[in-house]
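Top line first, the protein sequences correspond to chains A and B.
Reading the first sequence from the start, the letters are residues 46 to 160 in this note's numbering.
Reading the second sequence from the start, the letters are residues 21 to 132 in this note's numbering.
Bear in mind the hints are in silico, worked out from the structure with no lab data behind them.
Please note: incorrect hints may appear among the correct ones.
Claimed, not checked - Derived coverage of chain B by chain A (criterion: at least 3 residues anywhere in the stretch with Cβ under 8 angstroms from a Cβ of chain A; other residues may be distant):
no.	region
1	60-70
2	118-125
To be verified - Lysine to any residue pairs mimicking SDA-like chemistry, simulated, CA-CA at most 20 angstroms apart:
no.	chain 1	residue 1	chain 2	residue 2
3	B	K42	B	G117
4	B	K72	B	I46
5	A	K123	A	S141
6	B	K77	A	D143
7	B	K77	A	K115
8	B	K42	A	R88
9	B	K77	A	T48
10	A	K100	B	T120
11	B	K33	B	K77
12	A	K100	A	P54
13	A	K115	A	Q59
14	A	K100	B	D76
15	B	K33	B	N97
16	B	K42	B	H30
17	B	K72	A	S52
18	A	K118	A	E97
19	A	K123	A	D143
20	B	K77	A	F109
21	A	K100	B	G117
22	A	K115	B	E119
23	B	K77	A	A142
24	A	K118	A	D143
25	B	K42	B	S27
26	B	K35	B	K72
27	B	K42	A	K118
28	A	K100	B	I32
29	B	K72	B	S85
30	B	K77	A	A46
31	A	K118	A	A61
As the structure is a computational prediction, the values presented were derived from the model and not from experiment.
All C-beta atoms, glycine included, are put in the ideal place defined by N, C-alpha and C.
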Amino acid sequence: AQTVTQSQPEMSVQEAETVTLSCTYDTSESDYYLFWYKQPPSRQMILVIRQEAYKQQNATENRFSVNFQKAAKSFSLKISDSQLGDAAMYFCAYRSADYGQNFVFGPGTRLSVLP
Amino acid sequence: AAGVIQSPRHLIKEKRETATLKCYPIPRHDTVYWYQQGPGQDPQFLISFYEKMQSDKGSIPDRFSAQQFSDYHSELNMSSLELGDSALYFCASSRTGGETQYFGPGTRLLVL
Numbered sequence: 046a047q048t049v050t051q052s053q054p055e056m057s058v059q060e061a062e063t064v065t066l067s068c069t070y071d072t073s074e075s076d077y078y079l080f081w082y083k084q085p086p087s088r089q090m091i092l093v094i095r096q097e098a099y100k101q102q103n104a105t106e107n108r109f110s111v112n113f114q115k116a117a118k119s120f121s122l123k124i125s126d127s128q129l130g131d132a133a134m135y136f137c138a139y140r141s142a143d144y145g146q147n148f149v150f151g152p153g154t155r156l157s158v159l160p
Numbered sequence: 021a022a023g024v025i026q027s028p029r030h031l032i033k034e035k036r037e038t039a040t041l042k043c044y045p046i047p048r049h050d051t052v053y054w055y056q057q058g059p060g061q062d063p064q065f066l067i068s069f070y071e072k073m074q075s076d077k078g079s080i081p082d083r084f085s086a087q088q089f090s091d092y093h094s095e096l097n098m099s100s101l102e103l104g105d106s107a108l109y110f111c112a113s114s115r116t117g118g119e120t121q122y123f124g125p126g127t128r129l130l131v132l
């Protein structure tokens with residue numbers, strides 16, 4: 046079974062600065078997808094970014110980018126120019142490439158943004 | 021753009037009562053997933069449906085059952101509720117062949 050680990054229960058960053066959230070995973074599969082979801086105080090799960098394992102190029106979405114290291118099974122999220130609205134719980138999630146597979150989530154990292 | 025709709029948004033029940041949660045996926049999405057998120061925890065997969073058939077099962081108690089209907093909406097039925105069932109229940113949907121799941125706003129269930 047796949048597992049996802051987020052070793053940083055809490056992180057903080059100054060507004061306008063850059064922060065990196067860590068995620069590692071364990072799998073024997075070669076084809077899969079990785080995601081970062083944001084959960085603000087409203088508790089809505091919001092997709093931040095996704096990465097296909099077969100793509101070597103790191104995904105980027107505006108201020109959010111990932112560092113995907115397949116051999117190391119590492120998938121970190123970098124948030125640039127942090128904004129107050131980025132404060133939330135961030136979950137790393139793994140999904141097998143097989144159709145219909147559910148997500149396996151990590152325990153989450155709570156990010157605080159300091160003004 | 022249309023999103024996943026869940027109802028009710030909040031639900032309060034007594035122990036041993038029954039609850040039904042509803043999920044309406046994004047139009048043209050044929051796969052529905054149910055997750056349970058306890059306080060301070062990550063979402064845990066319960067069950068999923070594809071084209072009205074159960075496709076996968078996670079840590080869903082035997083007291084819970086679910087189904088997907090012909091219009092693709094899904095219902096999660098929870099019986100003999102326990103205090104530990106208090107949680108946020110998410111429904112997510114995806115389209116055929118899609119790897120991304122889109123989450124609804126969740127139903128907050130409180131069991132007293």
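Results for each hint:
1. 60-70: This one holds; 7 residues, not fewer than the three required, reach chain A with a Cβ under 8 angstroms.
2. 118-125: With 6 residues in contact (Cβ-Cβ under 8 angstroms with chain A), the coverage given for the region 118-125 of chain B holds.
3. K42/B to G117/B: Since the Cα atoms of K42/B and G117/B sit roughly 24 angstroms apart, the hinted pair is violated (cutoff 20 angstroms).
4. K72/B to I46/B: Holds, at roughly 15 angstroms.
5. K123/A to S141/A: Measuring from Cα to Cα gives roughly 23 angstroms; hence the hint is violated.
6. K77/B to D143/A: 15 angstroms, holds
7. K77/B to K115/A: 28 angstroms, violated
8. K42/B to R88/A: Given pair K42/B, R88/A holds - Cα atoms ~18 angstroms apart, limit 20 angstroms.
9. K77/B to T48/A: 17 angstroms, holds
10. K100/A to T120/B: 16 angstroms, holds
11. K33/B to K77/B: Roughly 25 angstroms between the alpha carbons, so the hint for K33/B and K77/B is violated.
12. K100/A to P54/A: 28 angstroms, violated
13. K115/A to Q59/A: 30 angstroms, violated
14. K100/A to D76/B: 27 angstroms, violated
15. K33/B to N97/B: 13 angstroms, holds
16. K42/B to H30/B: Given pair K42/B, H30/B holds - Cα atoms ~12 angstroms apart, limit 20 angstroms.
17. K72/B to S52/A: Measuring from Cα to Cα gives roughly 38 angstroms; hence the hint is violated.
18. K118/A to E97/A: 13 angstroms, holds
19. K123/A to D143/A: 28 angstroms, violated
20. K77/B to F109/A: Violated, at roughly 33 angstroms.
21. K100/A to G117/B: Distance of about 18 angstroms is within 20 angstroms: holds.
22. K115/A to E119/B: 18 angstroms, holds
23. K77/B to A142/A: 17 angstroms, holds
24. K118/A to D143/A: With Cα atoms ~19 angstroms apart, K118/A and D143/A stay inside 20 angstroms; holds.
25. K42/B to S27/B: Holds, at about 5 angstroms.
26. K35/B to K72/B: 30 angstroms, violated
27. K42/B to K118/A: 36 angstroms, violated
28. K100/A to I32/B: Violated, at about 45 angstroms.
29. K72/B to S85/B: 14 angstroms, holds
30. K77/B to A46/A: 14 angstroms, holds
31. K118/A to A61/A: This hinted pair is violated, its Cα atoms lying about 29 angstroms apart.
Comparing the model with each earlier hint shows violations of hints 3, 5, 7, 11, 12, 13, 14, 17, 19, 20, 26, 27, 28 and 31; every other hint is respected.
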